[in-house]
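Model the placement of chain B on the given structure of chain A, informed by the hints.
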Amino acid sequence: MTIALLLIAGLMLGSATAAMAGRNLIHSALLLIASWAGVAAIYLWAGAEFVAFAQVLVYVGAISMVVLFAVLLTRQNQIADQLIAPPTRLRAAAAVTTGSCVAAVLAAAICSSSFAPGAAEPPSTTVRQIGLELMRQDGAALLIVGIILTVALLGATILAATDPKVGPGSSRAGEDVP
Amino acid sequence: MTPLHLCLLISAGLFSIGLAGALARSNTILVLLGIELMLNAANLNFIAFWRFGPSPAPANGMMFVLFSIAVAAAEAAIGLALIIAVYRHQKNIRLQDADTLKG
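Protein chains in written order, with our numbering: chain A, 1 to 178; chain B, 1 to 103.
Just chain A, same shape as in the assembly (with noise of 0.2 Å):
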């Protein structure tokens, strides 16, 4: 059990770190995914089966493809990224530097704390459960994730779809032209 979680946590853990220190866009896109993948394995591991298809929905199927786009969008830059000027290389070591004392502060925290024994069986949750929780305790936090995600996406397709060269004063000239 402990063994099949370490393997686990090791496969996220690894593709997380190549797909950060990649140099490559595109590697480090679909390494992320292979990310989310192990998350949600984990999430399976656990028992909460319900939330890692979230997570397999979610982000290896939609944040993955809207990540992949806006590379592909954006695709100019990617000499930019490869060329390492020694600022760069300052900010990596400090980044990292940075990254690993956090870590270890982390990782000190919760090996001196000790937790009350939890159960041995996973809590049985089923997805008619979770359905009447999400409409009856949490039906206000359901309504207000709903507008979230509207506002959200809309805002998105107004941010991404304006063309700055064509303003709004002068979208109506440009229209007439043909």
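Hints are not guaranteed to be accurate.
[Said to hold, decoys possible] Okay, the calculated bits of chain A under chain B, using three or more residues with CB under 8 Å as the criterion:
1) 3-13
2) 40-47
3) 63-73
4) 104-115
5) 146-160
Since the hints were derived computationally from the structure, they do not count as laboratory data. Beta carbons are placed, not taken as given, at the ideal position from N, Cα and C, and that holds for glycine.
Same frame as chain A, now just chain B:
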């Protein structure tokens, strides 16, 4: 070492990788992906405490993670739309070049 400790250590590792990536890279897309990794690490903690901690309600941690995934999806959509808008402005998505608010 209990499974809860192990899960928390794994998620701390994932968080640190995301943090180092978000700080080190100058490509805006990779910075956003580092932030996504940090969000995933937080979700892992929710599930770890739901599974191995003394949980009062059977679906509590799952609700947290579901809402967190929904908000993360909205954040990713907005972030990538912003990246495309910035790219339209300056034909470049290096963070160092995106230092002017006007024009």
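Earlier hints that do not hold, by number: none
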